[in-house]
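K.L.:
Okay, here's what each chain looks like letter by letter:
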Amino acid sequence: MTIDGAWYLTLAAVLFTIGAVGVLIRRNVLVMFMCIELMLNAANLTFVTFSRELNDIGGQVAVFFVLVVAAAEVVVGLGIIVAIFRRRVGATADDPHELRG
Amino acid sequence: MTGAALATVSSPDLATFLVAAAIVLGGSLGVVFGRNPVHAALNLVMTLFGIAVLFVEEDAQFLAAVQIIVYTGAIVVLFLFVIMLLGVDRQERVLADQFRGQHLVALALGALVLAEVLLLGTGHWTTGAHATTGALNRPLSNVAQLGRAIFTTYLLPFEITSALLVVAVVAAVVLARRFDHAVDDEADPAEELAADSSGETEVPGR
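Residue numbers (the working numbering), protein chains in the order written: chain A, 1 to 101; chain B, 1001 to 1206.
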């Protein structure tokens, strides 16, 4: 017998929480981005667990699409971060409050 | 989820799960509390690898391979590339509040999220109704099942993701491009000099 799905779900919940707290307490935009990846992976783990529990390949297909969208998101997000840093070296997530207008 | 249920689990499975869970949790804590962005990225690699091990444990071999290839092979390398390109690999005081009570609020919100997700995860989360798209226990390999599902049932979403990837590539090129020629044509040399001396805007031309 394999491990009960509830253990995977609990682990995914803890991982999601760590990622959410990371987004809240970090100021470095890149590290915040990595924390978002942590949350995405927690969701992926949940998908795969339910795929096994419910005997349905659809959960794994969903993870496949999440991977594709995550790759696209990282490319565009890092492009935006590079553009911000080109204007202001050492920018943090708190700096856009200086935007006016 | 009781001790009795765990006792019936074969010990290799249990050991794999425990080790992978420890790797995942340790890596994710390293991402959040690592002072150096490079260390955070390497801890992210560790976390993603642990998740891949858990995927194998749950009989999702294709996703485990893709996880390693795409996430640790492409995405984290992209992160490291940007860190090196921008030169932001310096220390940050993680535990310094930016405004008063930031960490307390963050921890309280985190505890709230954890309680909520655990409530959803350990409650009656399944009705027992199975989807009709495809069962897992057909006598096919994981890759064959996944491929069949993607190229039949989910063909349209699959094609749409290709459009999404093209859009992302174009967006990345547009974002990364410096519009040097436009600036050169329009800008007054005096303005360029002023911009140079202020040091805040980018230097037009080379």
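These are calculated hints, taken from the structure and not from any lab test.
Beta carbons are placed, not taken as given, at the ideal position from N, Cα and C, and that holds for glycine.
Be aware that one or more of the hints could be misleading.
With beta-carbon atoms standing in for the labels, derived distance ranges [what the hints assert, rightly or not]:
hint	chain 1	residue 1	chain 2	residue 2	range
1	B	1014	A	88	28 to 36 Å
2	B	1101	A	2	15 to 23 Å
3	B	1036	A	55	40 to 48 Å
To spell it out: a stretch of chain B is covered by chain A in this simulated footprint if at least three of its residues, at any positions, have a beta carbon under 8 Å from a beta carbon of chain A; those stretches are [said to hold, decoys possible]:
hint	stretch
4	1034 to 1046
5	1058 to 1066
6	1105 to 1117
K.L.:
Please go over all the hints and tell whether each is borne out by the structure.
P.N.:
Each hint, compared with the structure:
1. Between residue 1014 of chain B and residue 88 of chain A the beta carbons are some 50 Å apart, a value that contradicts the proposed interval 28 to 36 Å.
2. For residue 1101 of chain B and residue 2 of chain A, the hinted distance range of 15 to 23 Å is not satisfied, since their beta carbons lie about 44 Å from each other.
3. Taking 40 to 48 Å as the suggested C-beta distance range, the pair residue 1036 of chain B and residue 55 of chain A conforms, at roughly 44 Å.
4. With 5 residues bearing a CB less than 8 Å from a CB of chain A, the stretch 1034 to 1046 of chain B meets the requirement of three and the coverage assertion stands.
5. Here's how the stretch 1058 to 1066 of chain B fares: 6 of its residues keep a CB closer than 8 Å to some CB of chain A, so the rule of at least three is met and the hint holds.
6. As drawn, the stretch 1105 to 1117 of chain B meets chain A at 9 residues by the rule of a beta-carbon pair under 8 Å; at three or more, the given contact holds.
Checked against the numbered hints given earlier, the structure breaks hints 1, 2 and satisfies all the rest.
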